[in-house]
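Colleague: First to last, the protein sequences are chains X and D. Residue numbers 26 to 501, in the working numbering, belong to the letters of the first sequence in order. Residue numbers 2 to 296, in the working numbering, belong to the letters of the second sequence in order.
Quick caveat, the hints were computed from the structure, so don't treat them as lab data. Just so it is clear, the structure is predicted and the values come from calculations on it, not from any experiment. Cβ coordinates follow ideal geometry from the N, Cα and C atoms, glycine included. Hints may contain errors.
[What the hints assert, rightly or not] Beta-carbon label-pair distances, calculated as ranges:
hint : chain 1 : residue 1 : chain 2 : residue 2 : range
1    : X       : Trp-345   : D       : Arg-127   : 51 to 61 Å
2    : D       : Thr-16    : X       : Trp-345   : 22 to 32 Å
3    : D       : Arg-60    : X       : Trp-345   : 51 to 61 Å
4    : D       : Arg-11    : X       : Arg-41    : 25 to 35 Å
5    : D       : Arg-127   : X       : Leu-255   : 19 to 29 Å
6    : X       : Asn-27    : D       : Asp-6     : 25 to 35 Å
7    : X       : Val-293   : D       : Leu-164   : 48 to 58 Å
8    : D       : Ala-167   : X       : Arg-45    : 37 to 47 Å
9    : D       : Asp-53    : X       : Ser-318   : 24 to 34 Å
10   : D       : Gly-63    : X       : Arg-41    : 31 to 41 Å
11   : D       : Arg-127   : X       : Val-289   : 34 to 44 Å
[Unchecked claim] Listed below are several chain X residues computed to face chain D (Cβ distance under 8 Å; list not exhaustive):
hint : residue
12   : Arg-38
13   : Ile-40
14   : Glu-42
15   : Ser-227
16   : Arg-228
17   : Val-232
18   : Leu-234
19   : Pro-238
20   : Arg-240
21   : Leu-255
22   : Thr-259
23   : Ala-260
24   : Ser-283
25   : Val-284
26   : Asp-342
The primary structure of each chain is shown beneath.
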Amino acid sequence: MNGMRQVRLVAAREIRERGRSRAFLISFVLMLVAVVGAVTLPVLLDTGAGTKEVGLTGSVPAELAAAMQAQGEGVGTTIRIHHFDTVAAGEEAVRDAAVDVLVVNGRKLEWQQRADEQLKAVVTGAIQSVAVRERAAAAGMSPDELAAMAAPMPVDNVELGQVAGRSPDDETAAFVMTLVLFGAITTYGAMVLSGVVEEKSSRTVEVLLARMPARNLLAGKIAGIGLLGLAQVTAAALAALGAGTVVDGVDIPAIRGSVIAWAVVWFVLGYALYATVFGVLGSLASRTEDASSVTGPVTVVLVLGFMVSFAAIGSADTTWAQLVSWFPLTAPLAMPNRIAMGAATWWDPAVAVVLTLAVIAALVVLGGRIYTRAILHTGAMLSLGEAWRGTRVPAPSVGDTPEGRPATGATAVEASAPETTTTNEPLTRLVLIGLAVLLGGAVFALAQDFVIGVAAGAAFYALARGVVKAREHADR
Amino acid sequence: MLDFDGATKRFGALTALDSCSFAVRPGRLTGFVGPNGAGKTTAMRTVFGLVDLDSGTVRWRGAAIGQEQRARFGYMPEERGLYPRMRVRNQLVYLGELCGLTDTQARRNVDLWLDRLDLASRAGDRLDALSHGNQQRVQLIAALVNDPELLVLDEPFSGLDPLAIASMSDLLAGVAAAGVTVLFSSHQLDLVEDICEDVVIINDGRIVRAGDLAELRAAVPQRFVSLRFRGTPPDLSGLPSIELIDKSDETARLRVGQDVDLAAVITTARRSTDLVSFAYEPPTLSELFRQAVAG
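Excised from the complex, chain X in its bound form (with noise of 0.2 Å):
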């Protein structure tokens, strides 16, 4: 039998399993959901962002109307003129939020509450411009001398911190990399820790390692399961790319080609470390209840990696985020980020390819052995030293009881009844972590405010939770 075939119908398996599964299509629509209006919202609710209105009333200067929305213009805001009989209507139609801001007299701004900075600047702008015009013209001076008195002198502008090149639109590129990395990683590394713990816990796994190596059988799951990550995350980016051009209000960062193949890149490498690492990890557990604890010191280490990994794209040129970019747990993280941001050499990824490849040949031949041991091995949860030396009596449990045993039929479907509540635990609570960094992160982007991201992603975290319980338990 060829090994290759073998390893391509249990990838076929996952991908068209999982693929017409209920709960996998409906969060399929509910991703595609959430990025498309994460995209359209902020422009769909802020619909007025470009248009100011302003009122004027009293005297008032017969350019300044046309100096203000050449200003705006300057700043990309159209500014559209309300004229006021009194000042009392314009103060109304402030109060009523129908003007943004209205001029009295050419020389005093009302504004509803605080004053809008930029619109401030324009109006200012515009007011001072036309006296200056005024003045100009009262001294006998042609508007051609005052455009050359005026003349800006061209000034230009060095960051000392910044490298040559660098845009802020490299910096969001990085930031919402590794945003969707650690999302896509965590999500679909999950997704193999079921897989894996659902096989043994169901006993399918002995007819099926009859048939095949156990390395088989793990490289297809994981392959399988890979590829539909990336067709999903794959299908997200087009419809946020999508939904950008539609509502043209989102700066999709000007994303270098290369930096996109790098991320890929970067998702297949780091999915199939942890992948590796949970599949082998998950083999270990017997029942879906242990999964989680074996996997929780991986967890922490993949959120620590992604931390680390955002903190190092405001940082990305010293040294400490160069050994981060290189470090094989978290390199997957960190090193598309420095990619983006234009801080790698050209062999900085290559030393890092090499060194999370040498890793994963190394997890594959170790977590092999380990995963073809234990995965036969019911009852109690295997140690990982146990599994290696394969000591333990395989399957105690099974004990050759006689007649008095259950008929067969029942046990497997006691093993897979608490399934259906309980496979999802570990990755109900990985998913809900991913989505609560997504979410941290997002208002961290959007508040400017560590604190209050952290603050929004753990709140979150804490509400989902309780209410995947509290519907757990009402299940029950």
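With chain X held as given, fit chain D onto it using these hints.
Modeller: What follows is chain D alone, placed relative to chain X:
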């Protein structure tokens, strides 16, 4: 022909298989019996590479067993299990393809077996929607889907109702008659005695008896006499080399020495009771088993 040759497996301090040597012949049903924890499951798992031997070998048709051979084996583990949420037909086709069948072959075989076991109408259902009995049958098809040359079943009869036991027996006998090598373990010794040509008895990891069941029984020096009667039990206390080992209201079983005078037994019995039947026979498998395991 499946050959175990000095197969030895230790788990830490426990020796699960201790230099096990026996052969399983094609075209015959071979029953694998032994007390709990004797090593039956471990021995069966070694055939599928699920357990690595510490020493000794298991060979199929004289060659070491690899993936190529296993593709033509069928296995039903004691811990039954298939994907609970996968549809019956898809699941069986998948398992067939894993054995190297093409998609078309796998579909044809699966449909054939589903038909034979009256499951055709459930082909599109999820496994966990089926009754226990039907799940068992699906599990059996999973072992047969690739038309195996060697069929290994771990406790195929456990948990079956009498009707299912009968149809499973017929099916196994039919498969063996078609030339397949069949090895199965069971605790139901009467059943094994009824349907098996060969038996292998394992105790504490050691093979204590193996071979043709009739020959094994005949090779034991003790003989037994079974009586069925109406009325008062026969009084045989006066006869030499006779030991009553079991009796009920209308039956008695005696262990007799080789020098026993059978005519005297019949005559004496008929004198005191209404004798219905009389049998002089070698030990049953149960007796053989108890004797082999005890010493």
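Colleague: Mind listing which of the numbered hints don't hold for this structure, in increasing order?
Modeller: 2, 4, 13, 20, 21, 22, 23, 24, 25 and 26
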